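Colleague: The listed protein sequences derive, respectively, from chains A and B. Residue 70 in UniProt numbering sits at position 70 of the first sequence, with consecutive numbering throughout. Residue 101 in UniProt numbering sits at position 101 of the second sequence, with consecutive numbering throughout.
Hint data in this document are derived by calculation from the structure and do not stem from the laboratory. Computed from a predicted model, the values in this text were never measured in an experiment. Hints may contain errors.
To be verified - Here chain A is said to cover these stretches of chain B; the calculated rule only asks that three of the stretch's residues, wherever they fall, bring their Cβ under 8 Å from a Cβ of chain A:
(1) 40-54
(2) 117-127
(3) 144-152
Backbone N, C-alpha and C define an ideal beta-carbon position, used for all residues, glycine too.
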Amino acid sequence: MAGPVKDREAFQRLNFLYQAAHCVLAQDPKNQALARFYCHTERTIAKRLVLRRDPSVKRTLCRGCSSLLIPGLTCTQRQRRCRGQRWTVQTCLTCQRSQRFLNDPDHLLWGDRPEAQLGSHAGERSQISTTPAKHSPPHSSPPL
Amino acid sequence: MAAAPQAPGRGSVRKTRPLTVKTSLNNPYAICWSTLEREHMHFILQTLEDRFKSLGLRKMEDKKKRRKQFLKKPSPDRCGTEVEKSEGPKEKPPEGSEQESGWTPVDVRKQLAIGINEVTRALERNGLLLVLVCRSAKPAILTSHLIQLSLSRAVPACQVPRLSERLAPVIGLKCVLALGFKKTTTAFDAEVRAIIPRVPSLHVPWLQGRPEDSGASLDTASSESRDREVLDTSFEDLSKQKRKLVGSQQAVVLQPLKIKKLIPNPNKIRKPPKGKKTTSK
Chain A
1 MAGPVKDREA FQRLNFLYQA AHCVLAQDPK NQALARFYCH TERTIAKRLV
51 LRRDPSVKRT LCRGCSSLLI PGLTCTQRQR RCRGQRWTVQ TCLTCQRSQR
101 FLNDPDHLLW GDRPEAQLGS HAGERSQIST TPAKHSPPHS SPPL
Chain B
1 MAAAPQAPGR GSVRKTRPLT VKTSLNNPYA ICWSTLEREH MHFILQTLED
51 RFKSLGLRKM EDKKKRRKQF LKKPSPDRCG TEVEKSEGPK EKPPEGSEQE
101 SGWTPVDVRK QLAIGINEVT RALERNGLLL VLVCRSAKPA ILTSHLIQLS
151 LSRAVPACQV PRLSERLAPV IGLKCVLALG FKKTTTAFDA EVRAIIPRVP
201 SLHVPWLQGR PEDSGASLDT ASSESRDREV LDTSFEDLSK QKRKLVGSQQ
251 AVVLQPLKIK KLIPNPNKIR KPPKGKKTTS K
């Protein structure tokens, strides 16, 4: 499905809400409740319609309180060491929930790799519920 | 919800079949560092290197090497060691007489913020004049938060390609990914003032729709333009500068929708299947 994307309007809504949350915080840094509301709405929409969001979007949203994470404003980011490895720890200031990312210089998200982009040749489908195709035994088919 | 259901071939899993492409909402903002020109880069690196050398700013790390120090001939005192320039600049402290690892000189060290955590903390407290980041940071998450931080604090910041390579040996550290000059700095005043004009300005589309707007931010979809008018009126008081009503607005511009289309990972680690399933649901 190359051209028209299903639920394009929903994506536009998500996009708009995400940008609106940024703008709200740009305009009034203290009004975090509104930004949180927008992000919460965005999360609800994405959940209801099962829309996939890029990790770069998800990492800027807090999973606990769904506030928009802006370093310095709504979250802190530190480098810490844990069990001999170095992690980047992002802590939301509203709900004190922290996310940790391992600092692996070789790590690249699947979505960022060139072979994942549309246009290169395929693999099998994955297990995620967004893909509804029934499949052969080795794969567990998703609920539909 | 996503792709259209496809009748699977029950054959081998390696057979190429019509792909289910996953669409995901991509981040409309691409937050990245501005590029620094080569001559500026050389100038910055050279200035800092010279300044550090002239000040004799060095870290003597003593913790693990204390035992080795006792075996080695202990060098007289701090000043002597920094002049003779120790053999291994990294964790090979030449001095053995000092018990604690220290910086020379201490007050100069206090005017700098060296290291990502320190720079971040100082930025959060609005205590920096200039931020320099090394481009060799991998993965980029390490320093990417500094962009927004420094922009919100209106601090010039730039990414210098070989900062760590050049400055770490001079200072006596393994790696310098971020360097910040505090507002109370006296020793680096001249350097900071020389470097700041050469630093390119950062821009983040949502934070400052100022003159350095990226320009590639006109929305395309009609629904977005309708919403933009609503946004326009609400931000009218925000932008005190002149702004055109048609076209890009000074305060905020809506970025167009970006959708990423992905092909699922063929090497994805999957849970072992529970058993043969003929029909799904």
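Colleague: Each hint should be assessed against the structure and marked as holding or not.
Modeller: Against the structure, the hints:
1. 40-54: Result for this restraint: violated, n = 0.
2. 117-127: Held - the region 117-127 of chain B has 4 residues with a Cβ nearer than 8 Å to chain A, which meets the minimum of three.
3. 144-152: holds (count 5)
Consistency with the previously given hints fails for number 1 only.
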